[in-house]
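Chemist: Residues per chain, in single letters:
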Amino acid sequence: MEEDAIKVSPTSTELAEATPSGPEPPWRRRPLEAYAELALEWLIRLCGVSAILFVFGIFFFVFREGAGMLFGKLDLLRFLFTKEWYPTSLSNVRYGVLALIIGTGSVTVLAMAIAVPFGLGAAIFVSEFCSGRVKETLKIVIELLAAIPSVVWGFIGISVMNPLIQELFDASIGLNVLNGALLLALMSVPIMVSIGEDALKAVPDSHREAALALGSTRWQTIYRVLLPSAKNGLLAAVLLGVGRAVGETMAVLMATGHSLNIPRSVLDPVRTLTATIAAELGEASVGSDHYQVLFVIGILLFTITFFVNLAADLVVKGIKKQ
Amino acid sequence: MSRLRLSLLCLSLATLSAAGCKKTQEAGAGQGLRIQDIGSDTMVNLAQAWAEAYAAVHPEVSVEVSGGGSGVGIAALINGTADIANASRQLEPAELERARQARREPIEHIVGFDGLAIYVHKNNPLEQISIEQLSQIYAENGKIDSWSELGVKVPGAKSDEIVRVSRQNNSGTYAYFREHVVGKKSDFKFGSLDMNGSKEVVELVGRTPGAIGYSGFGYATSAVKFLRVSKTKDGPGVLPSLQTVQDKSYPISRPMFMFTPPNPARHVTDYLSWITSGAGQKIVEATGYVPLSKG
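So the sequence lines, in the order shown, correspond to chains A and B.
Here the working numbering is used: position 53 in the first sequence is 53, and no number is missing along the way.
Count along the second sequence from 1, then add 1000; that gives the number in the working numbering.
Honestly, the hints are just simulated from the structure, not real lab data.
Careful, some of the hints might be misleading.
[Unchecked claim] Quick list of in silico lysine-lysine cross-link-like pairs, DSS-like style, CA-CA up to 30 Å:
1) B:LYS1185 x A:LYS231
2) B:LYS1122 x A:LYS83
3) B:LYS1199 x A:LYS73
4) B:LYS1189 x A:LYS135
5) B:LYS1184 x A:LYS73
6) B:LYS1143 x B:LYS1189
7) A:LYS201 x A:LYS135
8) B:LYS1199 x B:LYS1122
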């Protein structure tokens, strides 16, 4: 509170100087400050509420556009459990998203299998083994990794990873689950590192000191003391990484081959839910069945990410209680 | 000192803004004729080339080109945001119905032709393919899945499987290929790689030895080659080229359309007649498409 007063006072004296009629009596200044504070308070309150408004607004919009199909013609069981996706067929229109769900699932699972060891390993390294300049540099570089636009990742997937995967794995096509998963792993590692590092930092130093005093090695300290006490935070880091992977669009559209397919190996091309929306919504005529079904896919994605985020949230809440 | 600098800054700002005003006024003097040209991704390069060349002849008209697909262009034309819609297909019944309701039934102009080439990797020994074979490769119940069934082995390909490269299911090229090759009543075989652009198809075929794909013949690169296409299994194969598309001996070619609203503005009709004139058609040829035949 006192700090605030110090910060405010220079501006008010400047104001007073600017007015030609000399310094104002203090009783006149006060209402202005009071109003400014009130306005600022409301502005901040509005900012806070706006996030809720936007989320519900988006949810309402996506739901309204898809509701016609969702509660009407669409046979939900066939929608979820058949693989044939022929929305523009002239003879036999079929809306089945099983292949898309499996596509998203396979890419996400493989991405996490790659990203979790790397992400958590990097978090442990940054938090426990680095100090000073090395730590700062590493953190900056990792944050830089998060700033690379996903279309650039996609481009790398097409032009660098594609021939590399064909060469190394003897694959007939380089745009496949593995390619997409590697990109997604690289994209979700920075999130895992920064959140995981925060979680490890939150473990009190007395724990580390106690472990060392008992004669444990560094590895034992990490494995037996740090990981158990930071497990909620680390789990949250992983779940947020999953959310990122499920929702990513551009990179997977470019790197997975965009092929309706039930993959039999990681070297098969697939197509994801998000990429389907991105590729087809532009040309689906507004209000048509195809358009509405794409919005139902949107609702499906919303549901998936909602549950992932909810899980992450509950886990984080768990940490605070500890 | 600082006051002087401030006044200098003000002065320069003032002159700058005055100059800015003058400029916009000059642009306004040419009545600012604009043509919004939206649509087919197949035609976007061509439309851009036309717009640039036309700017040199008629600087008072600015043509703004954007892609998005035939469907996007037609939708924009119907709701009035486009002056010209580029399309690599005709209007679908549903679109025609909506245009009628909006009282904006489009007028069709054929502005050139596009030969749909069948691309394979440059190392592929196959030279010729028939429409029937293509249908067997691409159609949902088609029988051909491997290169050995076509009697070849592709050097560098990791497996015998034919990697089918196709387009996303709402592109004009996809619809055309389905209607004229796959079969009007059938669908594409499950598991094709559905690219989002003509160029992407050719690029992917160029990077994948075991792949086959279809795309405009103007997109050829040194990493791919055309197949001769024959109407029947043992018929003579024809390579896509200017002559073969123009004399219709190449079996898979299609007209490219530009649609305008029922009563287009004068500068729009002028633009269209320039496009179909010799100068406009020369650009069609230069960008890898086939001009309207003379006469």
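Chemist: Look at each hint and say if it fits the structure.
Modeler: Here is what the structure says about each hint:
no.: 1; hint: B:LYS1185 x A:LYS231; result: violated (57 Å)
no.: 2; hint: B:LYS1122 x A:LYS83; result: violated (34 Å)
no.: 3; hint: B:LYS1199 x A:LYS73; result: violated (37 Å)
no.: 4; hint: B:LYS1189 x A:LYS135; result: violated (53 Å)
no.: 5; hint: B:LYS1184 x A:LYS73; result: holds (25 Å)
no.: 6; hint: B:LYS1143 x B:LYS1189; result: holds (10 Å)
no.: 7; hint: A:LYS201 x A:LYS135; result: holds (13 Å)
no.: 8; hint: B:LYS1199 x B:LYS1122; result: holds (16 Å)
The structure fails to meet hints 1, 2, 3 and 4 from the earlier list, while all remaining hints are met.
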